[in-house]
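Novice: Here's the letter readout for the chains.
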Amino acid sequence: MVRTRVALLVAGVLGLSMVTGCGGGSTAAGGGGGAVTLGFAQVGAESGWRTANTKSIQDSAKDAGITLKFSDAQQKQANQIQAIRSYIQQHVGVIAFSPVVETGWDTVLKEAKTAGIPVILTDRAIDSTDTTLYKSFLGSDFVNEGKEAGDWVAKEYGSATGPVNIAVLEGTTGSAPANDRSKGFNDVIKADPKFKVVASQDGDFTRAQGKQVMESFLKSQSKIDVLFAQNDDMGLGALDAIKAAGLTPGKDIKIVTVDGTHDGLQALADGKFNYVVECNPLLGPQLMDLVKKVAAGQSVPNRILTKETAFDQAAAKAALPSRQY
Amino acid sequence: MTGHRLFWPSAALIALLLGNLVVSPRFFAVEIRDGHLYGNLIDILRNGSPLILIAVGMTLVIATRGIDLSVGAVVAVSGAVACVQLAGANVVVSVALALGLCLVLGAWNGWLVAGLKIQPIVATLILMVAGRGLAQLITGGQIVTVTNGPFLAIAGGYLLTLPLSFLIAMAVYALTSLIVRRSALGMVLESVGGNPEASRLSGLRSGRLIWLCYVFSGLCAGVAGLIISSNVTGADGNNAGLWIELDAILAVVIGGTQLTGGRFSLGGTVIGALLIQTLTTTVYALGIPSQETLLFKAVVVTVVCLVQSPAFRAKLAGRRRRPRPTAVQTRSDQVEVAS
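Protein sequence lines correspond, in order, to chains A and B. With the first sequence counted from 1, adding 1308 to any position gets you our numbering. With the second sequence counted from 1, adding 521 to any position gets you our numbering.
Keep in mind the hints are simulated off the structure, nothing from the lab. A few of these clues could be false.
What the hints assert, rightly or not - Examples of chain B residues lying across from chain A (beta carbon under 7 Å, computed):
1. 662
2. 664
3. 668
4. 669
5. 723
6. 812
7. 813
What the hints assert, rightly or not - Straight-line alpha carbon distances no greater than 20 Å define the calculated DMTMM-like cross-link-like pairs of lysine to aspartate or glutamate that follow:
8. A:1463 / A:1500
9. A:1384 / B:555
10. A:1531 / B:552
11. A:1551 / B:555
12. A:1615 / A:1449
13. A:1531 / B:555
14. A:1498 / A:1459
15. A:1551 / B:552
16. A:1559 / B:555
Just so it is clear, CB atoms sit at the ideal spot from N, CA and C, and this is done for glycine as well.
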């Protein structure tokens, strides 16, 4: 009985994944003349940032006349590898993807290389010794984002004497933005012994997790001066937790986040956040240029940075009306 | 006392709480802030309430030998409908629409299982996958942020210093217990779960009863969805209620209800759900490094399952050379149903 159920479950899952896996259906070969086909394996739709990123890629592919095959990995590496394999089988012109985690990509990328399909990384890097596995990495400098957040804290508390207690809401464990933002941030603040990271936990880049983790921080720590949330959504979740503790976000606890989504800038303009380092999701147009060049066999730089800035509360008020995401 | 079905889950919960007390003495501190209770224990009640709701619904489904994998997706759908509707309608209409749709989704599951006799695990797997897609379709793939005061009060509000969400969960639990235990319904459910065919032959309308359980499970998931989206001030079609079906099944099993159907314990389920939430809060309170979180949870759950297993306890007792007859579980409050 149990065995039949398990067998049926497995069969069901396989059936469903086949349906999604073959979703594209068309056999359009990319690369050689005509429209270029781009297979894009997205991380998921875990945050407002990500959905803006997805929309930018979809819109600019349409504008650039590139046929886009899009898949959503729901934050699972296994799904992403499966999507990339299906793109290899479909012989797309170029594969682009935003790796869920940093490691474990060598095998599938070698398969792409053997099939002669160039790969572009967007937004997140991979950790591999073999740099021939991909043509280019287009995305933000996460270490620098962490560093900018740290710089702001160092400046804000430059004249403070006592210890400054810092809490950190980390991104998904093992992901490049979480690793790099932590690194950049820690590099700056460890220069001064008065800065102390008193609590640091995985908030998985989501509001719900950010809120729960912050609730717990507020109980386990007697005093938190600064919160560094590695994305806007976790910071937004933390706002409620701080308010429930009878504290005023932005005043009793200063908050610095990374991203610059519309909701994040709104919180900044309202004085609930104190500083937001931008991580620009609108890399669609840059990506499509890159795809065309790679498909045409032109050489491209190994590393391309997206254009980014940072906001304080005044800048947020100015930028808010024209914010697309 | 160890024979009581709630003994082991309660003991595990208390042990976990005491463990917290040892490591961080401030864990139990509860104070009044802004006119409501504030502390780790209150967080456990508040954050655990969606899981309690879903697990209560799941208990009845499992009692009929079924399982409902779609509850996480229904959570996402419920939040999505409510938050999108809030843009144009008032709270009552939005909430009613969301819960209405969840009833329909529950009825769909029930129809597949009771009407078409599809294996429950497969029947509800359909909605588990499709429902999340439906939620994302409703929200347009975005996180829909809401600022509506009354809606945010569902998860953020307090009544008599207690979290409103916990009171909702308790009300549903109390009402369900009252209905199934003060009427013949509970006994009939256990009979249907124990042997559907024999029950049908003895005149019970098994099909309709099973259908009702799935409808109820859908409704519970819908209410939980409202709490979850209210808690994060927005509908997150992708993450809301993700994997909560597994937590709910675990809560039911820890609570002493067997997946093979028949006898069930709603009280045990509530304790199981609180145990799982305590575990999550513990991870944060103890500051366990992110990389070790899952392992820590797995170890605790394994230990809880082991101490719950009569066979394991008998083995343990045997090794201590104190042979004991296998404990006969006595249930004075319930009627045994032959299966």
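Novice: Against this structure, judge whether each hint is valid.
Specialist: Taking the hints in turn, this is what the structure says about them:
{"no.": "1", "hint": "662", "result": "holds (5 Å)"}
{"no.": "2", "hint": "664", "result": "holds (5 Å)"}
{"no.": "3", "hint": "668", "result": "violated (10 Å)"}
{"no.": "4", "hint": "669", "result": "violated (14 Å)"}
{"no.": "5", "hint": "723", "result": "violated (22 Å)"}
{"no.": "6", "hint": "812", "result": "holds (6 Å)"}
{"no.": "7", "hint": "813", "result": "violated (10 Å)"}
{"no.": "8", "hint": "A:1463 / A:1500", "result": "holds (11 Å)"}
{"no.": "9", "hint": "A:1384 / B:555", "result": "violated (41 Å)"}
{"no.": "10", "hint": "A:1531 / B:552", "result": "holds (16 Å)"}
{"no.": "11", "hint": "A:1551 / B:555", "result": "holds (10 Å)"}
{"no.": "12", "hint": "A:1615 / A:1449", "result": "holds (10 Å)"}
{"no.": "13", "hint": "A:1531 / B:555", "result": "holds (18 Å)"}
{"no.": "14", "hint": "A:1498 / A:1459", "result": "holds (11 Å)"}
{"no.": "15", "hint": "A:1551 / B:552", "result": "holds (15 Å)"}
{"no.": "16", "hint": "A:1559 / B:555", "result": "holds (18 Å)"}
Consistency note: the structure conflicts with the earlier hints numbered 3, 4, 5, 7 and 9.
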